[in-house]
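Chemist: Got chain A; can you put chain B on it based on the hints?
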Amino acid sequence: MMNSPTSPVVLFDDLIVEILSFVPVKTLMQLKCVCKSWNTIVSNPSFAKLHLQRSPRNTHLMIYTIDCSAVLFPLSSLPENLLTAIPKYPRYPFLDMCCSDLVGSCNGLICLVGYSRPYEWLRFWNPATNSLSDILGYSYGYRNRLTFGYDSSTDTYKVVSLSGKIVNVFSLGDNVWKNIQNFPVVSFEQCHPCVNAGVHVSGTINWLTIPNMTEYEQKDITIDQFVIVSLDLSTETYRKLLPPQGFVEVPPVEPAVTVLMDCLCFSHRFNGTHFVLWKMMEFGVQESWTQFLKISYQNLHIKSLRNYYDINDWLKHDSELFLFPLCVSESNHTLILACKQPTGFGEIIEHAIVYNWRDNRVEQKIFGDKFMWFCAKDYGESLISTS
Amino acid sequence: MAAEKSSIKIITLIAADGSVFEVEPNIVKEMKTVQSYIDELDQNTVSIPLPNVFGNDLAMIIEYCKKHASEEETKEAKEEFDFEFVKRMKSDDKLRLLQAASYLNMESFLQFMAKAIAAEIENQSVEFVRDYFQIESDFTPEEEAELRKENEWAFK
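Line by line, the protein sequences give chains A and B. In case it helps, the numbering used here puts the first sequence at residues 1 to 387. In case it helps, the numbering used here puts the second sequence at residues 1001 to 1156.
Next comes chain A alone, as it looks inside the complex (with noise of 0.2 Å):
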């Protein structure tokens, strides 16, 4: 018998599965009490990969504090003054948790790192749900570049650590670390340690490269030299891909490969003038990198802090002064930049810059000396389990 238009509707489990899909997490945990089907379907694995599938990505940034804690914040209203809007988000003692620094996020999932010399272990925490794993991975010894990733051929959340050319691999469910064929060249010495030390980015992580070179300094280094190292998570395989084309010179400052918008970018100062932002639409394509964006410093309200200088010769020879996109919303056609100045007085400043590249203009600038701006990650909420 069907319903008449007068009487309830009892819709099968099909159906509020396609519902629940669409919820936030948050309400979904309160709605497990609803009956013993929605607490069914609200911990199946394979409802948390349907409703990850349909939730929107990169909704939050998560920035790390000196006193090692979390703070989430959404992007899509950001307030005219985060600074002081900050201690009202969320905020997450890492130290609570037996860990001290952030890895990655991906998937909803964040990996956290802790170590007691000469041991370390990593941890899995998502806090939509609240959960976070065992103290897992321990091991002796010192893991360098840490990088978080998902292998969807087998459904594997796995951390990448990069220490010379020795490449260690742990894969969440297995739980141990296991040593990989090594680096195809020596890394550089980074000038931030958040900075070019690998990006996650369709089950590949991805690192920027200038073989033979140890450390970074402009005029030993030729343009062609540039290589962007691709390790494939499913196969633990290397391959190799350029920079865009259009990238010409070589600049002061090393460039910065990133993950925007779920694609890999590419980014670096051009002609002591504007930063250039590159967006490789499809990955593995080198056709495909497309110019994002150009900015002019000026547009940044970027200016010598030693006032003696002009502002364009200051940035054709600066080493100093670091720009690193870290996340894009794009309903506001907003960039989230860091930013690594040095003050005249010996000391590096580092802050956070919000630029509108539909009004050309910065929002805010971010101060304070609280926050780890270039460690921070973008999330997004899930269900993704923890083990």
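Keep in mind the hints are simulated off the structure, nothing from the lab. Don't take every hint at face value.
Here are the simulated lysine-lysine pairs, DSS-like style, with alpha carbons at most 25 Å apart [stated by the list, open to error]:
no. : chain 1 : residue 1 : chain 2 : residue 2
1   : A       : 26        : B       : 1149
2   : B       : 1029      : B       : 1149
3   : A       : 26        : B       : 1094
4   : B       : 1067      : B       : 1090
5   : A       : 26        : B       : 1115
6   : B       : 1094      : A       : 36
7   : A       : 49        : B       : 1115
Since the structure is predicted, the reported quantities are computational estimates derived from the model, not experimental observations.
Modeler: The following block gives chain B in isolation, referenced to the frame of chain A:
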């Protein structure tokens, strides 16, 4: 093959309460259940009974399909229409339309209705949601208390 299909000019849909709707072929493309029925026939006119869909609901679905199939309407106009379309509906209408979308195998309309219902239950209490879907809890009071305690933080 293609020439034969395009010869179908008008499709008659008959709802559960007997009300009759005449629509053009491009309107039913999104209704896979109807489309596969048409594909099997070799006639100029077809008449299809839909015993699981009420006239009022079918009228709304056709209105939605017409708007979305139109090439003259802008994306903004369609979005505006979607917004108003959902706004004038009661909860029960939404649930019935979701069921109809499932029966007619209309993928994007089904997701559209699912999203509209999801928006209504977002940030609502367990009691509200039970009432909304006419669900009786099958947990014992102890089981429910335990589950609420486990997810206590989510209720704040």
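Chemist: Against each hint, give a clear statement of whether it holds in the structure.
Modeler: These are the hints, each one checked on the structure:
Annotation: proposed proximity of residue 26 of chain A to residue 1149 of chain B holds, straight-line Cα distance about 15 Å (limit 25 Å). At most 25 Å may separate the alpha-carbon atoms for a hinted pair to count; residue 1029 of chain B and residue 1149 of chain B exceed this at roughly 48 Å. The straight-line distance between the Cα atoms of residue 26 of chain A and residue 1094 of chain B is roughly 23 Å, inside the 25 Å bound, and the hint therefore holds. The suggested pairing of residue 1067 of chain B with residue 1090 of chain B holds, with an alpha-carbon distance near 21 Å, which does not exceed 25 Å.
Note on residue 26 of chain A and residue 1115 of chain B: the hinted pairing holds, with a Cα-Cα distance of about 16 Å set against a maximum of 25 Å. For the given pair, residue 1094 of chain B sits about 24 Å from residue 36 of chain A by alpha-carbon distance, which is consistent with the 25 Å threshold. For a cut-off of 25 Å, the pair hint linking residue 49 of chain A to residue 1115 of chain B stands: about 17 Å separates their Cα positions.
Going down the numbered hints, you'll see the structure goes against just number 2.
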